[in-house]
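Enquirer: In case you want the letters, here they are:
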Amino acid sequence: MFTGTQIAALLTRLGITHVVTVPDSTVGPWGDAIATAPGLRLVRVCREGEAWAVAGGLWLGGQRPLVMIQCTGLFESGDALRNVLHDWKIPIPAIIGYRSYLNQNFLPGDTCLVFTEPVLDTWRIDYKLITSPDQYEELSAHLEACLAAERPGAGLIAEGRA
Amino acid sequence: MSALSLRDAVSVVHQARGDADVVITTMGAAREWQALGPLHPLDLFFVPSAMGHATSVGLGLALAQPERRVVVLNGDGSMLMNLGSLVTITATRPAHLVLVLCDNGAYEVTGAQPTPGTPAGRAGGDSIDWVTLARAVGFSAVFRFDDLETWRLGVAAAMAARGPVFVHLKTTADAAAGGPRSPGPAPDRGRALRAALSR
Numbered sequence: 001m002f003t004g005t006q007i008a009a010l011l012t013r014l015g016i017t018h019v020v021t022v023p024d025s026t027v028g029p030w031g032d033a034i035a036t037a038p039g040l041r042l043v044r045v046c047r048e049g050e051a052w053a054v055a056g057g058l059w060l061g062g063q064r065p066l067v068m069i070q071c072t073g074l075f076e077s078g079d080a081l082r083n084v085l086h087d088w089k090i091p092i093p094a095i096i097g098y099r100s101y102l103n104q105n106f107l108p109g110d111t112c113l114v115f116t117e118p119v120l121d122t123w124r125i126d127y128k129l130i131t132s133p134d135q136y137e138e139l140s141a142h143l144e145a146c147l148a149a150e151r152p153g154a155g156l157i158a159e160g161r162a
Numbered sequence: 001m002s003a004l005s006l007r008d009a010v011s012v013v014h015q016a017r018g019d020a021d022v023v024i025t026t027m028g029a030a031r032e033w034q035a036l037g038p039l040h041p042l043d044l045f046f047v048p049s050a051m052g053h054a055t056s057v058g059l060g061l062a063l064a065q066p067e068r069r070v071v072v073l074n075g076d077g078s079m080l081m082n083l084g085s086l087v088t089i090t091a092t093r094p095a096h097l098v099l100v101l102c103d104n105g106a107y108e109v110t111g112a113q114p115t116p117g118t119p120a121g122r123a124g125g126d127s128i129d130w131v132t133l134a135r136a137v138g139f140s141a142v143f144r145f146d147d148l149e150t151w152r153l154g155v156a157a158a159m160a161a162r163g164p165v166f167v168h169l170k171t172t173a174d175a176a177a178g179g180p181r182s183p184g185p186a187p188d189r190g191r192a193l194r195a196a197l198s199r
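Residue numbers (the numbering used here), protein chains in the order written: chain B, 1 to 162; chain R, 1 to 199.
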């Protein structure tokens with residue numbers, strides 16, 4: 001979909017300071033480019049729920065973090081993102097990998113396709129589905145708009161394999 | 001040697017905290033912190049919370065403000081809900097993060113039911129060893145205090161140690177104590193803390 005260099009450039013343009021992440025096979029390979037980009041720091045956490053709380057602390061401390069996880073980690077994150085995004089109203093943006101969206105050969109009948117978008121709707125996260133590299137500027141504009149409005153937002157990145 | 005109550009454990013930190021320190025409290029520790037007097041502008045009274053995430057919020061604050069001491073007052077039940085955060089903390093090595101674990105072996109705010117880490121909650125009747133665990137995952141400095149006298153004597157060294165620091169306090173549980181009460185809207189308190197830390 002995108003290269004790590006493209007994602008690092010996009011995040012730099014948005015003023016992101018920290019990317020808090022658990023990798024998957026699509027967003028994980030972006031980590032090295034993010035970690036080495038000037039002004040960006042990659043924070044690896046053990047579980048996705050942690051990511052929202054660490055990002056919340058970073059924001060309280062004056063930084064501008066982003067969470068980068070797979071949709072499976074979104075499912076795990078419920079209580080954490082509820083607390084950060086809605087109790088404390090801390091506007092943390094996210095990039096979320098959408099497992100199996102482009103190719104179900106590896107996991108036929110993957111229920112990520114059933115639950116990901118309803119869960120995002122339930123948690124009131126304004127997401128933009130990205131299914132093609134041509135949508136790079138749309139992804140950037142969506143995250144920028146969410147940051148400007150201080151509302152929870154995500155780029156939902158269609159993935160081709162587990 | 002006398003048993004250490006949560007109120008006494010927390011009050012030692014209350015007296016030792018520096019004016020520039022961020023202090024994060026949650027669950028029973030938040031209740032006791034609130035009872036000790038007005039909140040400081042750099043207190044993060046983590047109520048409402050997500051289960052077990054005070055350590056992670058504290059890590060984020062420590063990474064955001066690397067020269068500032070950040071003290072997290074956590075309970076063992078909360079710690080067990082986010083045990084991986086201990087590894088995340090030591091992976092990032094915040095030099096001024098102090099994690100104070102008040103271990104009463106119980107989920108106190110829900111009536112002091114035993115946690116799975118304490119003899120009453122384990123089939124074998126054993127207990128987990130927090131100090132060994134903290135050392136095993138790589139905390140730079142690890143302390144244990146079982147009574148008020150030694151905690152009072154040791155708090156300055158623990159707070160000044162190069163972090164990340166882990167302090168284990170063996171405390172008593174009070175089944176009737178209840179949970180903390182929010183001192184006001186969380187979004188307003190969060191923004192006030194962010195503003196205070198930007199000055």
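Hints may contain errors.
[Stated by the list, open to error] Derived contacts from chain R toward chain B, CB cut-off under 7 Å, selection only:
no., residue
1, L39
2, H40
3, P48
4, A50
5, M51
6, A64
7, M81
8, V87
9, R122
10, G125
11, I128
12, G184
13, A192
Read the hints as simulated data drawn from the structure, not as lab findings. Glycine is no exception: its CB is placed at the ideal position from the N, C-alpha and C atoms.
Enquirer: Now tell me if each hint is right for this structure.
Expert: Taking the hints in turn, this is what the structure says about them:
1. Here the hint on R:L39 is broken, as its CB sits about 15 Å from the closest CB of chain B, past 7 Å.
2. Interface restraint check: R:H40 against chain B, minimum CB-CB distance 15 Å, threshold 7 Å, status violated.
3. Because the closest C-beta pair between R:P48 and chain B is about 5 Å apart, less than 7 Å, the hint holds.
4. Look at R:A50: its Cβ gets to within about 4 Å of chain B, closer than 7 Å, so that hint holds up.
5. The closest approach between the C-beta of R:M51 and any C-beta of chain B is roughly 6 Å, which is under the 7 Å cut-off, so the hint is satisfied.
6. The restraint placing R:A64 at the interface with chain B holds, with a minimum CB-CB distance near 2 Å, inside the 7 Å limit.
7. The interface hint given for R:M81 is violated, since its Cβ lies 9 Å from the closest Cβ of chain B, which is over the 7 Å cut-off.
8. About 5 Å separates the beta-carbon of R:V87 from the nearest beta-carbon of chain B, less than 7 Å, and the hint is met.
9. Annotation: interface hint on R:R122 violated; nearest CB of chain B at approximately 23 Å, more than 7 Å.
10. For R:G125, the suggested interface contact is broken, since its CB lies about 29 Å from the closest CB of chain B, more than 7 Å.
11. The beta carbon of R:I128 is not positioned within 7 Å of any beta carbon in chain B (closest approach about 18 Å), and the interface hint is therefore violated.
12. Proximity of R:G184 to chain B is violated relative to the hint, the smallest CB-CB distance being about 12 Å (cut-off 7 Å).
13. At its closest, the beta carbon of R:A192 sits 10 Å from a beta carbon of chain B; the interface hint therefore is violated under the 7 Å criterion.
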